[in-house]
Amino acid sequence: MLELKDVHLKRNGKEILKGLNAKFDDGRIYAILGNNGVGKSTLAYIIMGLESYRDHSGDLLFNGQRINHLNVTERARLGITLVWQEPARFDGLTIKEYLTLGGRKKFEDVELLETLGIVGLSSEYLNRTVDNSLSGGERKRVELASILLLKPRLVVLDEPDSGIDIMSTQMIRKILKKLKSKGSTLIVITHREEIAKMSDEAYLMCDGKFLEYGGVDGVISFYRSRCDSCNHVNRPEEGELND
Amino acid sequence: MIETNYSKEFEALAQYYEKSGGDVSKLIDKKVVSIIVSGDKIIGRNTLPGVKVEAEQIENGVKIFIDIADGMNIENPIHLCTGYLKPEGTQTVLIDTRVGKNSKVKFLSHCVFPNGKKFLHRMISNVEVDEGGQLSYEDVHFHSEDGGVIVEAFYNARLFKNAKYNNVFHLTKTRVGKLKVAMKVDLQESSSAYLESKVYEKKDDVVEITEELNLNGSFSSGIAKTIVFSTDNSSAKIINKAYGNAPYSKGHIECNEIVKGDGVKVGTIPELYVINEKAELTHEASIGRINLKQLETLMAKGLSEEEATELIIRGMLK
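So the protein lines, in turn, are chains A and B.
Quick note: to get the working numbering, add 2 to the position in the first sequence (first position is 1).
Quick note: to get the working numbering, add 76 to the position in the second sequence (first position is 1).
It is possible that some hints are incorrect.
Unchecked claim - Here are the simulated DSBU-like pairs of lysine-lysine, each with C-alpha atoms no more than 30 Å apart in a straight line:
| hint | chain 1 | residue 1 | chain 2 | residue 2 |
| --- | --- | --- | --- | --- |
| 1 | B | K301 | B | K95 |
| 2 | A | K7 | B | K301 |
| 3 | B | K193 | A | K98 |
| 4 | A | K182 | B | K369 |
| 5 | A | K7 | A | K20 |
| 6 | B | K278 | A | K98 |
| 7 | B | K249 | A | K108 |
| 8 | B | K193 | B | K256 |
| 9 | B | K256 | A | K98 |
| 10 | B | K326 | B | K278 |
| 11 | B | K249 | A | K107 |
| 12 | B | K249 | A | K12 |
Keep in mind that the hints were calculated from the coordinates and are not lab data.
Since this is a predicted model, take the numbers as computed values, not measurements.
Turn these sequences into a full structure, and let the hints steer you where they fit.
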């Protein structure tokens, strides 16, 4: 599905991503773990091809096709999408207009309402606007509803659980399961263990590199044993990563 | 109701009135106060108890007096339709409105100039809202695609104690031509106002908007907001002003100008004057392309940049 080959990114002369290699296979869930500031969101933006993140080196292959040159729309049309940690807000657009992309996607109201129900929003929300009148959690739920309707082939979810109350972890798990059951590949950036544990595999990031990769339990154990007690802040001493 | 001599003129006007978003059935509904102006004539009118409407013909236009008696709550919005169907000419519309004590009224005004090639529409609205009164005025314009329409719209309002006033001007469905909007409100004690202008300009359209809040009474408050979407070779100059003249008065001015095209020339000038040290004034302004995160959020769902821009603008200019 998606392959990263030696992906590097520099900002202001400083290397942010330091040679990422990874493979994400069809229909599986991958967790990306790591402390704040290690480059997880940057990786998400590079996969989506955001305008300010297209100057990386290394290759991105989607189903064997090099996609470095493709813009966001072109990648989306291949089936790649992204859920931002803090989704944008839109003055004047109703949730219905947002979910149907201004009427370009045709959905029956029944399907829209059912999807809103899955993310815990009532039918009254259809005519609310996707602006500051929604709380952070409500806005996140709308975004998750939009992804469910989109049925992407690959979705990168940047902390889908942030801003949503802890009681709703079950809901996030349900959404991830639903996306997987529809055949989507999921890359989930998360700090929450119960979300990570749904994954088939996990990558642990530190200082712009993948530090560990494998089964979720193993990666979490590694994180606990090494990262919890680590006294550097995303700045491991030379050679430490390879110990 | 519609004057029999003008039924054909009304029909012609009605089709553009609907295109501008108006509901023609309201113009002929006996339960709705309505005034229909075509050129320099009143071609239709309906009033209800508590609403006094007087009109007189003036040179190239009409002068209208509207008086809402004290303590009235006008359930259905008063519908105003102002049109000019000829391609050339001048139209002057003067409207004096008084809203009585504790009365509540809403106006929906549609101005349609669908054939204007060399046409000037000048409108001066003077409003007084008495103690505890509430007035909401929504003015929607529909112009020709020729670019030859010139509109000068001046709104002056005086709000007495505890009065509320909303004044909204929208010109987003057609070309602008040349537009000058000036909204000015004088706020007495504990009164509040909301001013808003939304314009979508294309080709070589020219827009000049001034919104001014005079917070003269203690605890008065106001918001003056302008949103302009400028494309092609259009230009816009926006001035938002607020004067904090009284203690505990609060004012906020905001201007968002979104540009698309190399030939666009836009500028905004915020002016805040605190005359009383206990007044509080704030402002917010942005000029530039559409917010990249909004754009990329929609592009990540498969929309092209053009489609995403159109959808964002559609929402903003609603």
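To see whether the hints hold, each was checked on the structure:
1. Note on B/K301 and B/K95: the hinted pairing holds, with a Cα-Cα distance of about 25 Å set against a maximum of 30 Å.
2. As the CA atoms of A/K7 and B/K301 are separated by approximately 49 Å, the hinted pair breaks the 30 Å bound.
3. Annotation: proposed proximity of B/K193 to A/K98 is violated, straight-line Cα distance about 39 Å (limit 30 Å).
4. With a C-alpha separation of about 27 Å, the suggested pairing of A/K182 with B/K369 holds against the 30 Å cut-off.
5. This hinted pair checks out: A/K7 and A/K20 have alpha carbons roughly 11 Å apart, not beyond 30 Å.
6. With a C-alpha separation of about 28 Å, the suggested pair B/K278 and A/K98 falls inside the 30 Å cut-off, and the hint holds.
7. Only pairs whose Cα atoms come within 30 Å are accepted, and B/K249 paired with A/K108 is accepted, the gap being roughly 25 Å.
8. Taken as a hint, the B/K193 and B/K256 pair is honoured in the structure, with Cα atoms around 17 Å apart against an allowance of 30 Å.
9. Simply put, B/K256 and A/K98 have alpha-carbon atoms about 35 Å apart, too far for the 30 Å limit, and the pair is violated.
10. Between B/K326 and B/K278 the CA atoms are separated by roughly 35 Å; this puts the pair beyond 30 Å, and the hint is violated.
11. The suggested pairing of B/K249 with A/K107 holds, with an alpha-carbon distance near 23 Å, which does not exceed 30 Å.
12. Distance restraint check for B/K249 and A/K12: the Cα-Cα separation of roughly 45 Å exceeds the 30 Å cut-off, and the hinted pair is therefore not satisfied.
When held up to the earlier numbered hints, the structure conflicts with 2, 3, 9, 10 and 12 and fits the remainder.
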